[in-house]
Amino acid sequence: MTQMNPAKIFLAAFLVNNIILMRFIGLCPFFGVSTSLNTSAGMSAAVLFVMLLAAWVSWILYHALLIPLGLVFLRTAVFILVIAALVQFVEMFLKRYIRNLYSAMGIYLPLITTNCAILGVTFLNIDYKFNILQATIFALGTACGFALAIILFAAIRERLEDAPISPAFKGYPIAFIGAALVSLAFMGFTALFGIS
Amino acid sequence: MDWLLIFKSLLALGGLGLILGVILLIASLKLTVKVDEREAQIRSILPGANCGACGYPGCDGYAAAIVAGKAPLNACSVGGPTVASKIGQIMGQEVTATEPQVAVLICRGGKEEAPHRFEYRGAEDCRQAALLLGGPKACIYGCVGLGHCVKVCPVNAIKMGENKLPIIDEKTCIGCGKCVKECPKGTLRLIPRSKLVYLACVSHDRGKAVKDVCKVGCIACSLCVKVCPVGALKMENNLPVMDFSKCIDCGICVHKCPTKSFIDRAPGRPKASINPRCNGCGECVKVCQFKAIEGEPGKQHRVTSEKCIGCGQCVLVCPVKAIDLVGALGHAMKTV
Chain L
305 MTQMNPAKIF LAAFLVNNII LMRFIGLCPF FGVSTSLNTS AGMSAAVLFV
355 MLLAAWVSWI LYHALLIPLG LVFLRTAVFI LVIAALVQFV EMFLKRYIRN
405 LYSAMGIYLP LITTNCAILG VTFLNIDYKF NILQATIFAL GTACGFALAI
455 ILFAAIRERL EDAPISPAFK GYPIAFIGAA LVSLAFMGFT ALFGIS
Chain U
4 MDWLLIFKSL LALGGLGLIL GVILLIASLK LTVKVDEREA QIRSILPGAN
54 CGACGYPGCD GYAAAIVAGK APLNACSVGG PTVASKIGQI MGQEVTATEP
104 QVAVLICRGG KEEAPHRFEY RGAEDCRQAA LLLGGPKACI YGCVGLGHCV
154 KVCPVNAIKM GENKLPIIDE KTCIGCGKCV KECPKGTLRL IPRSKLVYLA
204 CVSHDRGKAV KDVCKVGCIA CSLCVKVCPV GALKMENNLP VMDFSKCIDC
254 GICVHKCPTK SFIDRAPGRP KASINPRCNG CGECVKVCQF KAIEGEPGKQ
304 HRVTSEKCIG CGQCVLVCPV KAIDLVGALG HAMKTV
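Residue numbers (our numbering), protein chains in the order written: chain L, 305 to 500; chain U, 4 to 339.
In isolation and in its complexed conformation, chain L is listed as follows (with noise of 0.2 Å):
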């Protein structure tokens, strides 16, 4: 996989893979937070940050400490117990020094700390045998994909809110069939690439 060019790996991520709809991983926020189109762009930025941060610490304390001491198997443990502290580091921090950002996207900070989508993204970098960059870069285009498919997705609901449903599936049965119709359509892109 270290050969694959950076463009790729983004598209992949982004598109082809797309971490909600192709992996379904990270349906709780999908589904949670997509109701209003603030809601989502604020959950996606959140997500974005967060992200790219579980990504670098993760990367860097898997090769750092994990290899070389033997411990590969404690991956899971590890790697939550350090994104859950490095997210509160980072809420205390945003708070204190740039108030702007905290408020934007503050709420959603905790709500992400260990969300599964982190969690995959950090275990996929190491699977997938990526360097820094590659592990970067694929966080970026994962997180990217995410809001992608949440905005999409949230724009979808706040029609279905005001379109004549029958009360039987009014809520969330309308919003998992459209969750499945727009997967279906992102199945159009594995006939690309992708990573596997």
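Source of the hints: derived by calculation from the structure; they are not laboratory data. From a predicted model like this one, the values you see are computed outputs, not experimental measurements. Glycine residues also receive a C-beta, built at the ideal position from the N, C-alpha and C atoms. Check each hint, because a few of them may be wrong.
Said to hold, decoys possible - Calculated cross-link-like contacts (lysine-lysine; reagent style BS3-like; alpha-carbon spacing at most 27 Å):
#, chain 1, residue 1, chain 2, residue 2
1, L, LYS474, U, LYS181
2, U, LYS11, L, LYS433
3, U, LYS33, U, LYS11
4, U, LYS249, U, LYS289
5, L, LYS399, U, LYS33
Claimed, not checked - Pulled a few chain L residues facing chain U out of the computed Cβ check, cut under 8 Å:
#, residue
6, LEU369
7, LEU373
8, LEU375
9, LEU378
10, ALA381
11, LEU385
12, VAL386
13, ALA389
14, GLN392
15, PHE393
16, MET396
17, PHE397
18, ASP466
19, ALA467
20, PRO468
Based on these hints, arrange chain U on the given structure of chain L.
Relative to chain L, chain U alone:
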């Protein structure tokens, strides 16, 4: 069993946890934001409805704005005077209280009174329906009746009535004005909670144009303006406009209106009663607009209680204070 591996794992994970814990501890000490304690105090006084009527994002935003000196102390219409004076104590300032308000529907044309001119089959949303030729109702001014106000009310004080007009529960309504802002037709408004009488029509048409589309619409006859004893009503653009600072809630306009376009919020009204002190001067007979008082000059007059609406005008003019208003407990708090 590989004891070394277990030991290493414990050490690595435990050590990592310890280091991170210490870092977070130091960070929480160094990076704490000093919150003005007045902000927390004010926040605990505010009602917590997060309705946004003050113009700030929620009660937290309002509390922060007060402490920053950017917001007026009496902007919270939900809390009313009690909250405003408590905030004043914390901030060490005098406050003038805001009059608590209540939202009312100023349209009476339900599906019975105001028929539709076409069948609307679009999204169940007032805003969308109103964009389509002004809505399905024949009266283009009136309430669309698809209940957008029901959805936006933060305290669930509004429900849709059987007549396809929203019903506002005045006890639950906090007067935040959210429904007023959201209504695409402007058929909701805020009135002072203490006021009892308001006009419930928004049609700027007059006469037959209104009659054709609504049984209870104001036809701009301006009778109410003539009968109002205090001149609180004024015709503007074919609608009587109420000056609430002048209105005395007598209710004469409510009973005189030929189309029943006014609404009286009073749960009940008293009746005039004349006692033997009456000297038969006849002042009350002249002032009564409903011919409810009769009597020969020089003798004690009588009130026909079926005709009396309890407006209290006779009480004001009686030179010997021989008239009382009796009955109607709900009205007792209002002095005429």
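Taking the earlier hints as the rules, which of them does this structure contradict? Those not satisfied come down to hint 3.
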